[in-house]
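**Q** Spelled out from the first residue to the last, the chains are:
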Amino acid sequence: MSRMSDFLSDVKQRREELKAKRPSSFGEVKTSVQDNVIWKSIFRPGSIYRKGYRDTSRDRALAAMNNVLYHLHPVKVKRHGLKLTYTYCLGGLSFFLFILLTITGIFLMFFYRPTAGAGSELAYLDMRNLSASVTFGNLVRNMHRWGAHLMVFTVFLHMARVFYHGAYKPPREFNWVVGVILLTLTLLLSFTGYLLPWDQLAIWAVTVGTEMMGFTPVFGKQVQFVLLGGVEIGPNTLLRWYVLHVLFVPFVTVIFLAVHFWRIRKDGGISGPL
Amino acid sequence: MSEEVQIDQEVYDRLIAEGKSERIARAKAKAASVRKGKVAAGQELGPKSPEENQQALAAFRERSGGGAATAGAGGGAATATKEVPASRLSPEERAARVSASLGGNGNGGSIGVPASSAHTHRLLALVPPAGIQQVQSKQQDKVYTWPHLLIVEFVALLAMTAVVLVTSFFLDAPLGALANPNLTPNPSKAPWYFLGLQELLRYFHPMVAGVTIPGVGLIVLGAAAYVDKNPSAKPENRKFANMAMTFFLVMWTVFVFAGSFFRGPGFNWVWPWVDGLFFEL
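From first to last, the protein sequence lines are chains A and B.
If you number the first sequence the way the numbering used here does, the last residue is 274 and the count never jumps.
If you number the second sequence the way the numbering used here does, the last residue is 555 and the count never jumps.
If you are wondering where the hints come from, they were derived from the structure by calculation, not from laboratory data.
Hints may be right or wrong, so weigh each one.
[Claimed, not checked] Listed next, with one range per pair, are the computed distances between beta-carbon atoms:
1) A:Val-254 - B:Arg-297: 22 to 32 Å
2) A:Lys-83 - B:Gly-293: 39 to 49 Å
3) A:Val-29 - B:Ile-425: 53 to 63 Å
4) A:Val-254 - B:Val-490: 54 to 64 Å
5) B:Ala-399 - A:Leu-84: 50 to 60 Å
Cβ atoms here follow ideal geometry from the backbone N, Cα and C, with glycine treated the same way.
Please construct the entire structure, taking both the sequences and the accompanying hints into account.
**A** Now the structure itself:
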């Protein structure tokens, strides 16, 4: 009997001990989570998610340094570059539109098959379905279309802005050339996407464009043949332009974007002040 | 540094003419001016002879009083760790001299090594502020990326998302009839950014309008960064570049607008307010 009561009191005591160990407040839970091996492996030393954020110079610097955006932005930037009327954010907005187009584009790819030809006009049917019966399909397609036109426009304006600021001058000459290549790639991205709805507007716009290309001296006809997958626009063209539009041109663009952003920092950040 | 050392203009001009840099010419001209002044005052130039050095040392020891002098003269047996020749200053004497030259009262005025120290450090020279070369690049006016830049970027991103979303909500992207290679629409137009080129097709051979002009245009655009040797980025210093760019941008815009809104069936000229629009995005 006494052994039984001993046991019971033992259990009681043990329970009290466990209770005392249990975290009693949100702060303690937070501390134990942030002390965790996994948490520490995700957030680098000095990360605001480990130590908290106080508005000091040190934490402002760490916020930039412990962020993946550190690949794009240094800890400090020239003050004059913040002025909206200096850059109008055009380069950043072009890049943002590129990301927006990638996201909406991936969504569209789930509902689109690049197939055409008598009896299997899947591309066009998928476009109709996308607009009529896919949840948010019409909205996302609209965003992709208008975003694409807008991106051509912002890239163009970005180029003009950089020119008028003389921001292509040494040491930034090469980055200007990369920018001109990116402008060309943007036009190619837009133009290859133009064919994909496979409606009258698409094929005739592309017909006009590729006919001009065929007049390139020496190898014009060959280039045209390779791009069209035949002597005129047909199902082969659609498949080729689809692959160019969703894989090849974006791949090349991303490489040039990386070089473009890297050189901005290497060449001393934003140009100016004027 | 009460009085500025004058520069010897003759020497300065000669050195500049020889192609020396402005900084070096100025320094040498200053030195020449100082030398001239010394010669005029009857002083001898160049290093002092050993006798003169000894005299100067003796005079200094006499001035600075007994203690240091005896310690120095005694070969530093009491304090110095190393034998100091009588012809040189002992560390204590050197400290006293530095202190005197700094206007100190003789005790604790040393800015280098304590007088009693056996260390071998010593003050080599006092450089006037004007003699230190100024760093040319200015400290730039910078701010932290977080929060200043990132917040601006985030707001721009939100605004752009809003613009795209609202536009997409109210405006549907066009989707025409199924593609039909046998039925050419009239007019057939390229995407809007190529309509400038299509407009040029009306005036030039396709090879010129469709290949040469855009090709050369892009190459010239890329090469502009290397062709433009003007180092200034200020608008008032680059009127020609800005004027040329504006000319081409305006010309291009006019061509795109003409191709987009003023070309109708058969790609013939129309007035949009009379015949309507023949344009699709």
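**Q** Indicate, hint by hint, whether the structure satisfies it.
**A** Here is how each hint holds up against the structure:
no. : hint                              : in the structure
1   : A:Val-254 - B:Arg-297: 22 to 32 Å : 48 Å, violated
2   : A:Lys-83 - B:Gly-293: 39 to 49 Å  : 43 Å, holds
3   : A:Val-29 - B:Ile-425: 53 to 63 Å  : 30 Å, violated
4   : A:Val-254 - B:Val-490: 54 to 64 Å : 28 Å, violated
5   : B:Ala-399 - A:Leu-84: 50 to 60 Å  : 52 Å, holds
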